[in-house]
Amino acid sequence: MKKLTINEEIFLIAIWHLGEEAYGVNIRKKINELEGTNILFGTLYNTLDYLVKKGYVNTRKGEITPQRGGNNKVYYSLTEEGIKALQRARELQERLWEGIPEYAFRK
Amino acid sequence: MKRNEYRPPIVAEILLKFLAKHEDEISLIGDFEEEFVCYWQNSGSFKARLWYWMNTFNSIPKFTKHALRRGFTMLKNYFKIAGRNLVRHKGISLINLSGLSIGMACCILILLYLQYELSYEKFNKNSENIYRLCVEFNGSPIPVTGPSFGPAIENDYPEVVKAVRIYPMSTMAPRVPVKYDNRQFYEENIYYADDSVFEVFTFEMISGDPADALTRSNTIVITKTSAEKYFGEIDPLGKILKLNTNEYTVTGVIEDVKLNSHLKFDMLCSFQTLYDQRGYDQMGSWQTALDYYTYIMLSEDADQMELENKLPGLIEKNMNTETNSTGISVRLFLQPLESIHLHSKMKYEISANSDITYIYIFSVIALFVLLIACINFMNLATARASVRAKEVGLRKVMGAYRQSLIRQFIGESIVFSVFAIVLALLIVKLSLPVFTSITGTDLSIDYDSMPWLIPGLLFISLIAGVAAGSYPAFFLSGFQPVKIIKGSIYGNKKGVNFRSLLVVIQFSISIALITGTSIIYKQLNFMKTKNPGFEKEHVIVLPLTDRSVIRSLDMLKEEFKSFSGITEVSASLKSPGEEPGAFYYIPEGISGDKPVLMQYINVDDEYIKTMDISILAGRSFSNEMRTDAYSSVIINETAAKSLGWVGTTGNYEGCIGKTIRGMGGVREVIGVISDFHLQSVHKAIVPLFVDYIPGYYNTLSLKVNPEGLPNTINSLRKKWKEVVPGSPFDFHFLDESYDKQFRADEKLSEIFSYFSILAIFIACLGLFGMAAFSAEQRVKEIGIRKVLGAASKGIIFLIGRDMMKLILISNAAAWPIVYFASSYWLKSFAYHTDIEPQTFIYSSLLVFLIGIITISYQSIKAASADPVESLKKE
Numbered sequence: 001m002k003k004l005t006i007n008e009e010i011f012l013i014a015i016w017h018l019g020e021e022a023y024g025v026n027i028r029k030k031i032n033e034l035e036g037t038n039i040l041f042g043t044l045y046n047t048l049d050y051l052v053k054k055g056y057v058n059t060r061k062g063e064i065t066p067q068r069g070g071n072n073k074v075y076y077s078l079t080e081e082g083i084k085a086l087q088r089a090r091e092l093q094e095r096l097w098e099g100i101p102e103y104a105f106r107k
Numbered sequence: 108m109k110r111n112e113y114r115p116p117i118v119a120e121i122l123l124k125f126l127a128k129h130e131d132e133i134s135l136i137g138d139f140e141e142e143f144v145c146y147w148q149n150s151g152s153f154k155a156r157l158w159y160w161m162n163t164f165n166s167i168p169k170f171t172k173h174a175l176r177r178g179f180t181m182l183k184n185y186f187k188i189a190g191r192n193l194v195r196h197k198g199i200s201l202i203n204l205s206g207l208s209i210g211m212a213c214c215i216l217i218l219l220y221l222q223y224e225l226s227y228e229k230f231n232k233n234s235e236n237i238y239r240l241c242v243e244f245n246g247s248p249i250p251v252t253g254p255s256f257g258p259a260i261e262n263d264y265p266e267v268v269k270a271v272r273i274y275p276m277s278t279m280a281p282r283v284p285v286k287y288d289n290r291q292f293y294e295e296n297i298y299y300a301d302d303s304v305f306e307v308f309t310f311e312m313i314s315g316d317p318a319d320a321l322t323r324s325n326t327i328v329i330t331k332t333s334a335e336k337y338f339g340e341i342d343p344l345g346k347i348l349k350l351n352t353n354e355y356t357v358t359g360v361i362e363d364v365k366l367n368s369h370l371k372f373d374m375l376c377s378f379q380t381l382y383d384q385r386g387y388d389q390m391g392s393w394q395t396a397l398d399y400y401t402y403i404m405l406s407e408d409a410d411q412m413e414l415e416n417k418l419p420g421l422i423e424k425n426m427n428t429e430t431n432s433t434g435i436s437v438r439l440f441l442q443p444l445e446s447i448h449l450h451s452k453m454k455y456e457i458s459a460n461s462d463i464t465y466i467y468i469f470s471v472i473a474l475f476v477l478l479i480a481c482i483n484f485m486n487l488a489t490a491r492a493s494v495r496a497k498e499v500g501l502r503k504v505m506g507a508y509r510q511s512l513i514r515q516f517i518g519e520s521i522v523f524s525v526f527a528i529v530l531a532l533l534i535v536k537l538s539l540p541v542f543t544s545i546t547g548t549d550l551s552i553d554y555d556s557m558p559w560l561i562p563g564l565l566f567i568s569l570i571a572g573v574a575a576g577s578y579p580a581f582f583l584s585g586f587q588p589v590k591i592i593k594g595s596i597y598g599n600k601k602g603v604n605f606r607s608l609l610v611v612i613q614f615s616i617s618i619a620l621i622t623g624t625s626i627i628y629k630q631l632n633f634m635k636t637k638n639p640g641f642e643k644e645h646v647i648v649l650p651l652t653d654r655s656v657i658r659s660l661d662m663l664k665e666e667f668k669s670f671s672g673i674t675e676v677s678a679s680l681k682s683p684g685e686e687p688g689a690f691y692y693i694p695e696g697i698s699g700d701k702p703v704l705m706q707y708i709n710v711d712d713e714y715i716k717t718m719d720i721s722i723l724a725g726r727s728f729s730n731e732m733r734t735d736a737y738s739s740v741i742i743n744e745t746a747a748k749s750l751g752w753v754g755t756t757g758n759y760e761g762c763i764g765k766t767i768r769g770m771g772g773v774r775e776v777i778g779v780i781s782d783f784h785l786q787s788v789h790k791a792i793v794p795l796f797v798d799y800i801p802g803y804y805n806t807l808s809l810k811v812n813p814e815g816l817p818n819t820i821n822s823l824r825k826k827w828k829e830v831v832p833g834s835p836f837d838f839h840f841l842d843e844s845y846d847k848q849f850r851a852d853e854k855l856s857e858i859f860s861y862f863s864i865l866a867i868f869i870a871c872l873g874l875f876g877m878a879a880f881s882a883e884q885r886v887k888e889i890g891i892r893k894v895l896g897a898a899s900k901g902i903i904f905l906i907g908r909d910m911m912k913l914i915l916i917s918n919a920a921a922w923p924i925v926y927f928a929s930s931y932w933l934k935s936f937a938y939h940t941d942i943e944p945q946t947f948i949y950s951s952l953l954v955f956l957i958g959i960i961t962i963s964y965q966s967i968k969a970a971s972a973d974p975v976e977s978l979k980k981e
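Chains A and B, in that order, are what the protein sequence lines are.
Going left to right, the first sequence walks through residues 1 to 107 as my numbering numbers them.
Going left to right, the second sequence walks through residues 108 to 981 as my numbering numbers them.
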């Protein structure tokens, strides 16, 4: 199994947070909130496409709202694979940081 | 909420839609708009629109990367299929590829040449503001002015920033002996120039001060090559060069003059020297001979037309009105520097110019060669397409869209043509040295100066690729797969007609080029063999540049005459082939004393005998008649006729005893000689004034006996060294120097013949491929015919017949075009050959023969094949 990159990890976490409400605009907002930066639309969709291709995420067509100019929403949700990958990432993180006291990298 | 209220910028939206074509990305447009609406409500329309644009642009790189990755898979497939096809049909692919790349290489070479010709003078930083001051003298324009014009125009008109006067030393003597230490050479290209020459023109100075180099008398600036020639490793600055007997101090070394300059010189002497030699009176006069080239640089905002309109004032102010009473009209005009090389066709040009017609001719050839190559490419691709019909059928059965098939075929031929471009560039690189030596230029593939070259080539290859791919792409992809697989589209009539048309175009062009070449050759031959009216064979010409030689001229003549190998010796001002001067003369009995422009040569008493020019009336000069020198003249036939002295009787005796008044005084006509070509047959023979002023000579002509010529020359050299030890012995043959005038035409015919050979070669490659293809297609038919008893002869005829028919049609198409084009070209010659039907018939026969040879290989191969083999396979 491949390890997730930090970017993918953030995306998956954002989707998990949003649950039923995970579509483009919300995901971007969430990521901006989590990461504290402003990500580009290009990055957003490329990464989402990639996650879909990898099988971490599923898509589902949603409703059309008037603000969207007649375009469907596309909702994203985590697959079994995606959840497993997140778990593995978390375990890895925890194992990595185990035994390192918080003051270790302070100046 | 209505959508119209919050409308995103349309252009940005379209751009976004274009970028996000992919299925998964449809939602993003909605996402974009949703955030956009939100933004609008919070911060207003302007900020929202700005945001939309910003985000669209920001996303472009990411999206395009994505699209490329997807597109690449397709491209990879094209490459693969194109490669497989290339390998499967090695022979035809090779023919196709080599034809296209040779054609493209030709086209690139010609483009390079055109670019070079068009780049004349562009190296001058101010080239757009530099003009040459020219004079229209009684309606005939000449590029020369007097020495006083330059300073006057600079002083009188504020828009003239600088004026430069240039005076070629060759006006006085064609070759000047130049000496430093023990190194002595003859130099032809030495100019006198004002010190402002470096301000107006861009000649880069390597050492010396450009502002000061030519201000003083007897200073000289030399080019790098001449510096190496005379001084080698030594620093030339401050050294003394001896020109004739005058000493010049070297004050500067410049880079060699670019070949694409119409000023071609190796040395520049200061103009001040001329003032010292000739005196301020003569140099300031408005009545001297027009021998000086004047260039002026205008200020940035000056207008050429405006200044030209003011120029008559200059004439009125300085030239007295006396000239008006004699009926001579003088008008000044300006000629842009950049137009000199291609558009100026005056007498007395400072160096030989090219002609814009050649630029047109070459552009047309370039286009033709490229067209032939592209047609070839199309033809073979089309022919092969029907073989690939099965592939198309299968693809369609498997669910290929028509669009993707079109894309595949066009893509494939584009790949092919791009490959051909790469090969073409390679060919250009290899053949450039040969090409530069033929054209006498210093071409190089310089991508910096030609930023359009690579995109242009890619564009050409794209066009060729699309054109070649479009037939199979649109034609084949439209068929029903069932029909294709069943094979019922074989032998399609429409395709054959289309290909036939292409072959006809191709061969028409080839035939036109070959016929054109042969007409050029004929004209060249005509000019070379036309009797010039004097004896140009076996005449040795010796330049008399040194004053000391002229002083001992009589002695030299007597000495040379005593040699057994020499039959005649005579001296003259110029020898045939050199540009003679022309002056206005007022002949007796012309109404209103209207001056007549006549060419002028000065000869001695033996010249007419030496040159074997026949005398129609009167007698030649004689040194026994005291009155001959300075007071008599001989005129030519044309002069006698144009002066109206002959009448209808054709009797020239009436001219004898009449008088002509000119600058040198009044002369009495003592003889009329037959017309002879003082210059090449390009130019019509004009009235000629043959003067006899002893001592005013520049060349010595010796009629020699062809037997024992090396010995004669050796003894000549020995005698020369004995009589005039300081002066180098330097000779040439008259026929050689006279024939030099045809060099431009020779060059044209040479280039023309090379390209027509290439054109026919490419066309034949195409024909070969077509014949191979049609033989291949009819393998079974031929097999059955043979089984049923057809003779080989019949089968050869069967294959060849169709092709031959096409060549015949091409002949009919090419002939009228060639006829009109060549008669237009021939009109530029005063004397030219006739266009004979044989020329057409011969060149058509030649093409026909080449065609037969090309096809026969294939047809004989097909005819001699074993029918069992061809019928066995299924």
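By construction, these hints were calculated from the structure, which means they are not laboratory data.
A portion of the hints provided could be inaccurate.
Pair by pair, the computed Cβ-Cβ distance ranges are [to be verified]:
| # | chain 1 | residue 1 | chain 2 | residue 2 | range |
| --- | --- | --- | --- | --- | --- |
| 1 | A | Glu102 | B | Ser511 | 56 to 66 angstroms |
| 2 | A | Trp16 | B | Ser150 | 47 to 57 angstroms |
| 3 | A | Thr79 | B | Glu498 | 48 to 58 angstroms |
| 4 | A | Glu98 | B | Val529 | 51 to 61 angstroms |
| 5 | A | Gly19 | B | Ile561 | 23 to 33 angstroms |
| 6 | A | Lys53 | B | Pro168 | 51 to 61 angstroms |
| 7 | A | Glu98 | B | Ser150 | 26 to 36 angstroms |
| 8 | B | Pro168 | A | Arg90 | 49 to 59 angstroms |
Straight-line distance between alpha carbons at most 16 angstroms, and here's what the computed EDC-like set of lysine to aspartate or glutamate pairs gives [said to hold, decoys possible]:
| # | chain 1 | residue 1 | chain 2 | residue 2 |
| --- | --- | --- | --- | --- |
| 9 | A | Lys29 | B | Glu976 |
| 10 | B | Lys635 | B | Asp408 |
| 11 | B | Lys664 | B | Glu675 |
| 12 | B | Lys232 | B | Glu311 |
| 13 | B | Lys887 | B | Glu976 |
| 14 | A | Lys30 | B | Asp408 |
| 15 | B | Lys854 | B | Glu224 |
| 16 | B | Lys269 | B | Asp408 |
| 17 | A | Lys73 | B | Glu857 |
The beta-carbon is built from N, C-alpha and C at its ideal position, and this holds for glycine as well.
Evaluated hints:
For A/Glu102 and B/Ser511, the hinted distance range of 56 to 66 angstroms is satisfied, since their beta carbons lie about 60 angstroms from each other. A hinted range of 47 to 57 angstroms is violated for the C-beta pair A/Trp16 and B/Ser150, which are about 31 angstroms apart. Taking the beta carbon of each, A/Thr79 and B/Glu498 are about 41 angstroms apart, not inside 48 to 58 angstroms as hinted. Look at A/Glu98 against B/Val529: about 59 angstroms separates their beta carbons, and that is inside 51 to 61 angstroms.
As the Cβ distance of A/Gly19 to B/Ile561 is approximately 55 angstroms, the hint placing it in 23 to 33 angstroms is violated. The hinted range of 51 to 61 angstroms is not satisfied by A/Lys53 and B/Pro168, whose Cβ atoms lie roughly 20 angstroms apart. Hint check: A/Glu98 to B/Ser150, Cβ distance near 47 angstroms, so the stated range 26 to 36 angstroms is violated. A hinted range of 49 to 59 angstroms is violated for the C-beta pair B/Pro168 and A/Arg90, which are about 33 angstroms apart.
About 75 angstroms separates the Cα atoms of A/Lys29 and B/Glu976, which puts this hinted pair outside 16 angstroms; it is violated. Restraint check: the Cα-Cα separation between B/Lys635 and B/Asp408 comes to about 50 angstroms, which exceeds 16 angstroms; the hinted pair is violated. Restraint check: the Cα-Cα separation between B/Lys664 and B/Glu675 comes to about 9 angstroms, which is no more than 16 angstroms; the hinted pair holds. For the hint pairing B/Lys232 with B/Glu311, the CA-to-CA distance comes to about 11 angstroms; that is within 16 angstroms, so the pair holds.
For the hint pairing B/Lys887 with B/Glu976, the CA-to-CA distance comes to about 10 angstroms; that is within 16 angstroms, so the pair holds. Taking the CA atoms of A/Lys30 and B/Asp408, the gap is about 63 angstroms. The hint is violated against a cut of 16 angstroms. Taking the CA atoms of B/Lys854 and B/Glu224, the gap is about 14 angstroms. The hint holds against a cut of 16 angstroms. Straight-line distance between C-alpha atoms of B/Lys269 and B/Asp408 comes to about 14 angstroms, which keeps the hinted pair within the 16 angstroms bound.
Of the supplied pair hints, the one linking A/Lys73 and B/Glu857 is violated, its CA atoms being roughly 72 angstroms apart against a limit of 16 angstroms.
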